[in-house]
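Since each chain sits alone in its own frame, please combine them into the complex, following the hints.
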Amino acid sequence: MGRGDEGLTQRSWRSDSPQMLGWSIGFAMAFMLAHWLTMLLSPFFDVVTGKISLLYLPAFIRVVSIVVAGTAGVVGIAAGSALMGVLHHGDSVSFALSEALAAAVAILLAHWLLCQAMRTRQLPITLWSLIALTAIYCTLNAVIHGTIWGLLDPVFEISPWKLALMMLGDLLGVIVMFGLLRVFVRTVRQFKAFKN
Amino acid sequence: MKAWLNLRQLIDVVGSDAEYKVIDERSQRLLEWIMANYAPEKPMFVQTIVMNSGVASPATIHKCLAVLEREGLISVKVDADDTRRRLVSPTDRARRLLAKLSKQVQAWAAAMKD
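Heads up: the sequence lines are chains A and B, in that order.
With our numbering, the residue at position 146 of the first sequence is 146, and numbering never jumps.
Add 1000 to the 1-based position in the second sequence for our numbering, that's all there is to it.
There are no misleading hints in this set.
Each computed PhoX-like pair below joins lysine-lysine, with the alpha-carbon atoms no more than 25 Å apart:
1. B:Lys1077 - B:Lys1063
2. A:Lys192 - B:Lys1100
3. A:Lys162 - A:Lys51
4. B:Lys1103 - A:Lys192
5. B:Lys1042 - B:Lys1063
6. B:Lys1042 - B:Lys1077
For the record, the hints were derived by calculation from the structure and aren't laboratory data.
Only chain B is shown next, with the shape it has when bound in the complex (with noise of 0.2 Å):
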């Protein structure tokens, strides 16, 4: 009977963080690189994303980008200079996200150098 093993994932999903986990590992390493490289007085292009993140290849960091802006962790825009480009910015819940997340690794890192 495996009902131990069942518990133990409803635990599991019960303390995990859903937020993050309903993107894939993909997307959320995408979503680090353009937190980590976005300035609001820099336009982000997703061309910029492309070629300089190294996430993955062109076409699926276009799926993980679509990803990213159907739950709401990324804005998308059509730039008005050049309708051709596009500029992508990370969203308020992508930032609080983050911060959290950031906070408990740094909780961690801390406990683990006591």
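Bound-form chain A, shown alone (with noise of 0.2 Å):
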């Protein structure tokens, strides 16, 4: 890289900073929220209480995070989670952290991957990428978060049926907010027309 380019780079790195923070923190905020709903609902949907539920929301976030945002909204996920563990669960810093590194690792692993396989540096926005993306972040994030509780939390026995499970409920998570996304895009666009 010549000297010019590395200040083009340092420029826009600069330039990008505070809207990257931004999005982090933009990204952090909507995965507590999606959180808290989901303890709302936990009720209905907990299989293992406080652990797995058949209807994980903020997979959903994760998903969205690093297609809009990247890294950086990677980060602001990995924040959120950290931050509820810690001030809403009562975890201890080390685990809410192992927990949230979890997460962060699952998601940006299924995009390297995809990345990998399509061939590409940047994941094309469509609705088969997303379908991909989604598939193989759920299975990444049963697995690993399966393996980190398994290993730090003593209570926790892990087994092929819960990590079945905690797969299932962050594909409905996911299918589901998308299913609503849908629904309230739409309802908008033709609220426009109408109005137009």
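What follows is the structure, encoded as structure tokens:
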């Protein structure tokens, strides 16, 4: 990289930093909101109390964060996850951080694997790439989270059916939220068309 | 940073008619022509579509028909009376899809009129 390129990269990094921070904070807040909603619904969907839900809405925020804001979005959801763990669940800082890291690694790895499979550096935003990213992420997240809980939580016993339920919960969370977003977008469009 | 653009694109993808987006524009126009000209009592042959639709060249029309068949929007069968001919008919999926789109277009037209 030449001196000119280096200067340009540094300049664009500096000019992008406030925006990246904004996206990180936005996704952290969205994650906490989705987590809070999941907790409200936990009496109906929790399979393993406080651990595995059949409708885990933050999974949707994780998928959207990387698609929209890349690494800045993932940093945001990791921060949101750690904050929820410490402030709301009363987890130890190390446990909350390892959980946040697990979630971030799962979505980053899923994104990287899909980019490798599609031989691209930038994932195209299409219906099929979203479906593929969701499927890979849900599988990886269940495996990574299950392993971390198995290692760090003495009460949690890891089993294939628990991992399968966690995967299903993430998948349903993403599908339900995308469905709601679709209904919202189409309603707004119809309303705008009607208004004009 | 193009996060806003990504968000906009994501919203477009989520709000779009995925069913209709899987086929290209020529295939869409060909399907609309087939639907407009199809009558159950009158057999529609591939040759009729090639000669009369005027959507594209014969080779392109054959490609479009293959796309529509692959997507389950038309059914192509060999004519029992003459095995050289192939009969084309729209499927229920195509009817449902076009009915849905037509309803949307009508709603938009009514909204524009008001």
